[in-house]
Amino acid sequence: MIAAADLLNIALMVTFVTLALGQILSMVRLVIGPTPADRILALDTMVINALGLVVLLGIYQGVQIYFEVALLIAMLGFVSTVALARFILRGDIIE
Amino acid sequence: MSLFFIVALPFLGALLPGLMNSAGRSATAGVTFTVTLAAFVGLLTNLPAVLAGNVVMARVDWMPLLGLNFSLMLDGLGFFFALLILGIGLLIIAYARHYLSRDDNMGQFFTYLLLFQGAMVGIVMSDNILLLLVFWELTSLSSFLLIGYWKHLPEGRQGARMALTVTGMGGLAMIGGMLMLGQIVGSYDLSVILQNRELIQADPLYVPALVLILLGAFTKSAQFPFHFWLPHAMAAPTPVSAYLHSATMVKAGIFLMARMWPVLSGTPEWFMIVTTAGLITMVLGAVIALFKHDLKALLAFSTVSHLGLITMLLGTGTAFGAMAAVFHILNHATFKAALFMSAGIIDHEAHTRDIRRLGGLRRLMPITFVIASLAALSMAGIPLLNGFLSKEMMLEEAYHTVLFGSPLLVPVLATVGSLFSAAYCFRLIGHVFFGPVRDDYPAKPHDPNTGLWLPPALLVVLVVAIGVAPFLAEPFVKLVTASVLGDAAAVPTAYFKIWHGLVPALYMSLIAIAGGLLMLALFKPALFVWDKAPRPEAKVIFEAIVEAVAKLARAVIHATHNGAFSRYAAIALVVMVAVGYHAWSTGTVGPDTRTVQYAPPVFIAAWLMLATATAGLVILHRNRLLSLILIGIVGLMVSIGFVFFSAPDLAMTQFTVEVVTIILLLLALNFLPKTTPVESTVLRRVRDTGVAVLGGLATFALSFHYLLRDAVSTPISEFHLANSYKGGGGTNVVNVILVDFRGFDTYGEIIVLGIAALLIYAMTETLLDGPVRARLLNRKPDQARSGNKHPMMMVVLTRVIMPVVLMVGFYIFLRGHNEPGGGFIAGLIVSIGVVMQYMASGFGWASARLRYPYHGVIGAGVLIAGLTGIGSWFFGKPFLTSDFTYVRIPPFEKFELATAALFDLGVFLAVVGAVMLSLESFSRLARLAGYHDSDEPMDIDPLRDDTIAAGHAAAEKKGV
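Protein sequences, first through last, are from chains A and B. For the record, in the first sequence the residue sitting at position 67 is 67 according to our numbering, with numbers rising by one throughout. For the record, in the second sequence the residue sitting at position 123 is 123 according to our numbering, with numbers rising by one throughout.
These are computed hints drawn from the structure, not numbers from a lab. Be careful, since some hints might not be right.
[Stated by the list, open to error] Here chain A is said to cover these stretches of chain B; the calculated rule only asks that three of the stretch's residues, wherever they fall, bring their Cβ under 8 Å from a Cβ of chain A: (1) 289–302; (2) 596–607; (3) 624–633; (4) 655–665; (5) 762–770; (6) 881–890.
Everything numeric in this text was worked out from a predicted model, so none of it was measured. C-beta: ideal position from N, C-alpha, C; glycine also.
So that you can see chain B by itself, here it is in the shape it has in the complex (with noise of 0.2 Å):
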């Protein structure tokens, strides 16, 4: 299967078990298990050429321009990985059908553990290090949601948090060290970086290359000093746990790790950073886990501290080092898994993970006792399990390790990790399942059904089987080294025996059982010195520095953004005054190449009357209805300065704007108060004059500036006014631009244009569902009112100028490439026209002969310039290439046909809905109690007879 399909699926997958919720609980689980099961078949038919040393490749371009492809790879290590992932997933999926009780949402549940999957998948199949970032920080996104997964516990939403905030910007600093490391390469695709292992290391960027890429891999490998997050991640369920944390989440830090191995291993100061983190994760997560009370607590530290084993091993750059990490991830995945799912096992049938509370479980669970009893052992590294062999690998490897200059710190800090490794598995093994039967569990424990148990199981079968019998995992470990090691080093030789001879790795491993034994005998005062011990609470350090970081966040924003309009206004004017004035008095100022114009008493006529009306509003605009009135004036004004400037476009752009914002504005005052009330104090309004002075006179300057120079260099419109025709095939260079150079744009706008009035439709719609429904229904108007409600006179105008409109409205949209016009000019036109009803009628008369709803009229809109420019794609030409031609049908003329005219088709449609929608729904919110809509298109109407009698009925029911 194509290794797109492979990682595609999980993500596919994910609607399906939102969208099983209601066919059951089963049908859900066995929906998710069906898709990962197909993933994992898709991924085992790559088998035979993963096996035959070749590396499958997928790559499709996505950005190449920025070095970012959808470029797969599988090889060796991918292959592990990815078969851990899908494999455990599967335990998990099936283990999860039994865990979750009535009241989880499972949907929710497998959606994101199918995000969650697929996200691992691509990390571990990316061959592109971009591609890789995103899935890494798609694994953090969907593991927060996994670990929030109960979101009414407290613990569960901290959880959540902490391990987003820490991944997070461990992720964040990886994307700097990757982006360093493919400035170095010169290319972003992992194939390429693997094969410059000097040129890399020779860089003066490598240092800050490798430790921003650590950073990324210790944050979500949970190493010290970022070990914390993974405990408090344990307020997740325990499929959720079991998978993050043992085959998956905190693998990706070790996969990385790995992955970069061939080129980022081997110096000194890898060396350095990744064994010490490595071997101080390993100790104290050992440490820490022994003093555990909850089973789920106890493990977590011990995956740390088996996550800093693994890292210690890929940091001592050895390929033998690199085949133990292997083999370990290997046996850590699947004795870990088991655990987790025995400790999820026994806080389902005894109701407690405390394990104070537990003991004696051995007779009454004899079935979770032997699964849980053999992975335990394996973990402590007891002969015949798998954990053995490995840690005798990791003790081999330890014993030739020389860290400081020291021969012997290495090897005595790997045996005390074992030592206490081996403790809290004695002690998990001896205080949970052995001792006295107790009659006080919270429940009643006993077996649970085979769902529960079986993944586990079958988990403790590879345990055992690997650890008797490792000829069988040999090939497979030996075949994933060498893809870790590229060509960087061979594959060792060494064979994987259970029976070494009496080397030293023995004498560590001997000395770490019995030091185990004797720490579990010593328990009891071993746990009051460490009771007594002070030592730093890591959640309690976190949340001071997150507070603090909040707390001085705040203080910045909240100086300049507290919400004040007038501040916001002011602060941008002066910054924005002051950064000009730096510019022009810093810059060269070149001299004037125009003349001052002759200026005719028309337009000074006309200046007079918008600088009047411009001041009158600045005295008046208390008064809000002659603000409104004096504002009609200067857009007048400000449409006839278009003309008289050659630009009728923009003048009739401009005066369908004018009048839809009046009556959307008197739509809005109908609920505001008339008169704007002093609010501020003189001092602030004399401040505020003289910043509005202060801009007015910065922008007269500049535009005076301006107007007397050419500009520095040749402007974009000379491109346009000679590429118009050639290559959009019209005359009307604004429309070109709008529907063809920039048509991008425009789509992106109409879009916006959409969103906007859908908003205003919603936020309108929430007012009439919510408390204010009853104030505005019985609102009582602030005014007198006419008594005729739909005059005679404006009914008879508007119908008979309707088709008039609609007329004009066609023209100037058909004309609108050649000449000036086009759709978002015939949207307004007929907006106005349509508006022109409601107003007349009223509207319940308009309504009810409504065909089809703005919303739609708005996506039809925006389907149909969007379509517009996918059909180009049939032509293998890029988005919304335009094309046009010319054709000629007999009785007619010849004319164009341009698929701009479609696009323009789209913006028209758009503009349309969402002019009539907003004012719709304001008008919407006007509706008064006891007002009854009349079928009639107005009031008095001679033609019907029972005009008067109607008038006088209507009037009794009112009262009045």
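If we strip away everything but chain A, and leave its shape as in the complex, we get (with noise of 0.2 Å):
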């Protein structure tokens, strides 16, 4: 029988490893790209895997102070994707 504990300790583990496997992964789209476009997702990935990151660190201590760097991450993340996307579409990103 497993505690729940320990149960959510295995659970974080392999989510921890998961993300960063996701990252890395990331890592390598964003090297070999081919194109802009996929690089940029790869950095869009990046953020999101991040702020999971974050989240997780967060439940693995037991403390709160981690969510309002998530919260910034969740809502402004976007927005430095939104920008490269636009730079490559029109160029000029406010017009």
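Fit chain to chain and form the complex, with the hints in mind.
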């Protein structure tokens, strides 16, 4: 019989490793490209994975102070992606 | 009137002439006159106290820890000089009103004049020698402006530069001397220093301090060998020359010597240096003056000569010498100002100051003739005029002075100086006013209007009055002498008389006058000899020295500071590594106190990504878009790193700054090539690689070293942690440090931020006004562009998220004091929220909905932060003292109110304004010709029936 806390710990470890792997794979995509769009998407994926890592860390340590960082990444993380995408599409991101 | 007002009035009044400029010349001069008159009357209200022998004091602490206090004093000497400065100032203002032509900017002139006047009054009233130095430098600067007032004349600019260089260098030396003096006495207050004669003269620093202070005084008062700047300063308008070289600027050095007389004089060093310099200056100035053909140059060298005379008198170190010096200062100020003004009148009316082209003006300009002749005769030392009295006293003093063991040296040289002095005065009268009336004057000379001749006439009245009735001036001169002497000596009892009997001084005087007449008779052959004789040209020597020094400076600077950033970085890095290595290899290294920790795999993964992204950046940096993406990764990883090391504040700041940076760089990249060209050679790149690797390794070694050891002394973070809640009322130490402990730093930083944003705005604005505008407007996009400028998806998303972003910003702002957050992060969040609207619906649409200009937002932020700081003054606390309290409004829980939150609001506004202003400035540059700002938020809007039609119309308009 596995205790609930252990189960949580196992789940956390698995998720940590999965997310880290995801980050590394995104990194590979970022390096090989081939188009800028692939790379921007890789960056976007990494932002989302990073968000996951921060939340996981908060659960792991049982503290709330990382919540705002996660909130900010969730809320504003897409802005760089959008800006980069607009740059590719139009050149001028504010027109 | 308080002494503060007398000193402050000219400075405050200096604002007025510029403002009154458009009200007309008389109004401008009138307001200047009124300001000076107010200061003059204020000075006179202190006359009874000064006459009673009291010293009027006024004092405000400025920087007491440095010994620099705003303390003023007014004794006989200060009163005397202030009277000359303000009194002659009044006459000069009246004279300048009529002298300056319509082409001269009168407001500017009088502003400079008042600044100068205030600085001079400040010098003579300072009780603190550091304050005196401040005013001293102010006179150098304001006289620079006055001398160079006619900016279009190269002589004016060169003369002003030379005066500033010489007096500025002297001022620098004097700062050193004054600091030594303060060190010796232990106080910078003049009233204390003047009490410590024995202490100062016994100190080993006495001689260096004396030499440095005298350097300051000699440069200012144009003593040999620094006399050369004064004649070149004659390029100034005549009112300036009359003011600077009779009563004020050049008398500042004399004043200083008189002020310091009780403590510095009386030693062999003082006697040798001051008397010798004064004697040489007196004779040299008089000889050169005789052979000058320019009226003003003649007067300039005669000023040099008379300053030498006064310096020599002060140098003798006797009480009688000091009294003669004071009397001659008064007399010289009256007749020299009158003479300069007369020279100005002649120049104004005859359009030339060349003595060789003048002559016979006696009949054409009778009033000017009387004024100038009386003043010149007084300068020559003719009885019944004031110059005679002080010259007699000088000769009397010289007769008793033994220099270099020779009892003859001083008397003979003094007589020679007086002889030449008499000769140039006679030449001035004889060659300008006597002789036949000529018919080749550049303009028809005639007497000027009253405004020009009245001021010198008033001075000549004084010249005659004192000359005929010296007992009128005697009590005043003795009063001033008493305050010059201080406790060092008693005031001499000698009376001022015209007839002293058949004393040696009278014979010397007679020799001088007879010799002067003889010189005039022999002027032609003497001039021939003078012109043939070789002599060094001071200006050439000066310029050669300046050029040589500038060349040396250039050589040093250009070797290291050539404008290439990579070179700076390389030099700085190598030096830092070398110094660090030196410290490590020669200092003691403590043992490791910490062990290397276990690294979890997630950390290693993050580290790997960071390293990969950085390496990728190095390899791929020529593709600029790709580097931006990689920078994004680095920023993201660093933010995550901050989270893992329990610094959520830093993580939030880093993340928001990353977003803003990417947007800013993308805006800039729009104008730049998308790849960086290869510009440097392979060798240079190899060298740079070496330097970079070295720097990286050194940084690694340093961090590794420090991470394994505890700090040597207790870090300041201990204090911050302990006092954050107690002193600042917040549990978030980072925020309390920013807005409370180091609030003053933050205040400075938001100001810098605001300035940076305004500069970006100014620079882009200049681009839009200049020739670049056409190129920018007609730039061809360097890549294919998609058709939808404002996609509906993005518009809808950013609109929905906007209130959420603002809410989060508000929340982060409020909780900042106790939990991670604060005004800076909140400002960035809100800025990103607004930028999203710009990106979604376009510059035109967003700007049209902008209610407050960003400049104003920055200003409001700085103002709020500043006013919060000033608020603590009302409670008698220093700037930016914070306070907090807890309040409870019934339906809510108890909450905290802190003044730091108000300060944080200022930070918030400044950040929002600065970020938005810089982004907006960049995006303004991107406007293209033929682009029509749409008033609609998006291009394709299903709510509008005419979308398709409008789209077609727009397409047709563009000619697609």
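Okay, the hints, checked on the actual structure:
1. 289–302: violated (count 0)
2. 596–607: holds (count 4)
3. 624–633: Check passed, 7 qualifying residues.
4. 655–665: It holds: at least three residues are needed, and the stretch 655–665 of chain B offers 6 whose Cβ sits within less than 8 Å of chain A.
5. 762–770: Violated, because only 0 residues of the stretch 762–770 of chain B bring their Cβ atoms closer than 8 Å to Cβ atoms of chain A.
6. 881–890: Violated - the stretch 881–890 of chain B has 0 residues with a Cβ nearer than 8 Å to chain A, which falls short of three.
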